[in-house]
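Visitor: Sequence:
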Amino acid sequence: MINSKADFVNQNFLYFWLSMIAKNYVSEGMGNPKLMSNVLSTIPIPLPPITIQEKIVEILDKFTSLEAELKAELEARRKQYEYYREKLLTFSPEEVEYRRLGEVADCYSGATPKTSIAAYWENGTIPWMNSGEVNLGRVYKTENKITKAGYDSCSTKMVPPHTVVVALAGQGKTRGTVAITEIELCTNQSLCAIKVQNEIVNSYYLYHYLRGQYLTLRKISSGDGTRGGLNQNMIRNFEIPLPPLSEQRRIVEILDRFEALTNDLQAGLPAEIAARRQQYEYYREKLLTFKRKTV
1212 MINSKADFVN
1222 QNFLYFWLSM
1232 IAKNYVSEGM
1242 GNPKLMSNVL
1252 STIPIPLPPI
1262 TIQEKIVEIL
1272 DKFTSLEAEL
1282 KAELEARRKQ
1292 YEYYREKLLT
1302 FSPEEVEYRR
1312 LGEVADCYSG
1322 ATPKTSIAAY
1332 WENGTIPWMN
1342 SGEVNLGRVY
1352 KTENKITKAG
1362 YDSCSTKMVP
1372 PHTVVVALAG
1382 QGKTRGTVAI
1392 TEIELCTNQS
1402 LCAIKVQNEI
1412 VNSYYLYHYL
1422 RGQYLTLRKI
1432 SSGDGTRGGL
1442 NQNMIRNFEI
1452 PLPPLSEQRR
1462 IVEILDRFEA
1472 LTNDLQAGLP
1482 AEIAARRQQY
1492 EYYREKLLTF
1502 KRKTV
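Using this note's numbering, read the sequence shown as starting at 1212 and increasing by one per residue.
Errors might be hidden in some of the hints.
[As the list claims (entries may be wrong)] Listed next, the in silico DSBU-like pairs over lysine-lysine satisfying Cα-Cα at most 35 Å (straight line):
1) Lys1352 / Lys1290
2) Lys1325 / Lys1430
3) Lys1325 / Lys1406
4) Lys1352 / Lys1406
5) Lys1273 / Lys1497
6) Lys1266 / Lys1234
7) Lys1245 / Lys1502
8) Lys1290 / Lys1384
9) Lys1502 / Lys1290
10) Lys1356 / Lys1406
11) Lys1234 / Lys1430
12) Lys1368 / Lys1282
13) Lys1234 / Lys1384
14) Lys1359 / Lys1282
15) Lys1359 / Lys1325
Please keep in mind that the hints were generated in silico from the structure rather than gathered at the bench.
Assemble the whole structure, with the sequences as input and the hints as a guide.
Guide: This is the structure in structure tokens:
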């Protein structure tokens, strides 16, 4: 905790300054980055007149306030998406037919080339999806790519665009998370690709439906806690409601609009939040850059 001298240091001015500069004083030693208290006390701070400090705080507060409002709006829109998803995707057995996924889709997992063999990874051109990337929701690119030799060395399989992917295992909250591919890729062994029969199931309908089944998927996982895991047999036996394709497309059209607003990094609220964050950081640096006074 830092107590500033109120007569010549504005507490919020100090906060904004340290939020920008303190990272430069973090120790990386012993694999546990931390800002030592004895180092913190040595960080120099600029001291323009208190009236200037207050004006800077006023400007930067407006940026942080706007970002907070956008984040609150984003959370409200996410809840709205979940509300309509539940409303639109809740059916009684009398309303629609229920089918096992294995009856209307091919379900298969991938594999991982040996990471110790550089020829399988260096200069790779084949997108390879790992378990963590299922959290992206819609997968337009992957962090890693493998070579043809890497692909041939293991049992991974190509997954076409518009294929639903479910995490079979993973740390923490990953298991049961659902994504959909927007590019052709292959996956690791902890992901199950669900390639639907297009004349029966709209893949984006399945994507939205399974996203709403996250807790159910985790509940049927083998084991308990974070040690549990799904398997392909569980996925194949998982039942889904199948209204007519025209109704599936109508549901997708509605839910896609809500999801774009909450997840789209190019045009939705996340993009707006990122833009405001960049704007805040730009003006923070501009407003908090001072020439050192010579004595």
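Visitor: All the hints need checking, so say for each whether the structure fits it.
Guide: Here is how each hint holds up against the structure:
no., hint, in the structure
1, Lys1352 / Lys1290, "holds, 27 Å"
2, Lys1325 / Lys1430, "holds, 32 Å"
3, Lys1325 / Lys1406, "holds, 26 Å"
4, Lys1352 / Lys1406, "holds, 19 Å"
5, Lys1273 / Lys1497, "holds, 15 Å"
6, Lys1266 / Lys1234, "holds, 24 Å"
7, Lys1245 / Lys1502, "holds, 29 Å"
8, Lys1290 / Lys1384, "holds, 19 Å"
9, Lys1502 / Lys1290, "violated, 47 Å"
10, Lys1356 / Lys1406, "holds, 22 Å"
11, Lys1234 / Lys1430, "violated, 41 Å"
12, Lys1368 / Lys1282, "violated, 39 Å"
13, Lys1234 / Lys1384, "holds, 29 Å"
14, Lys1359 / Lys1282, "violated, 43 Å"
15, Lys1359 / Lys1325, "holds, 13 Å"
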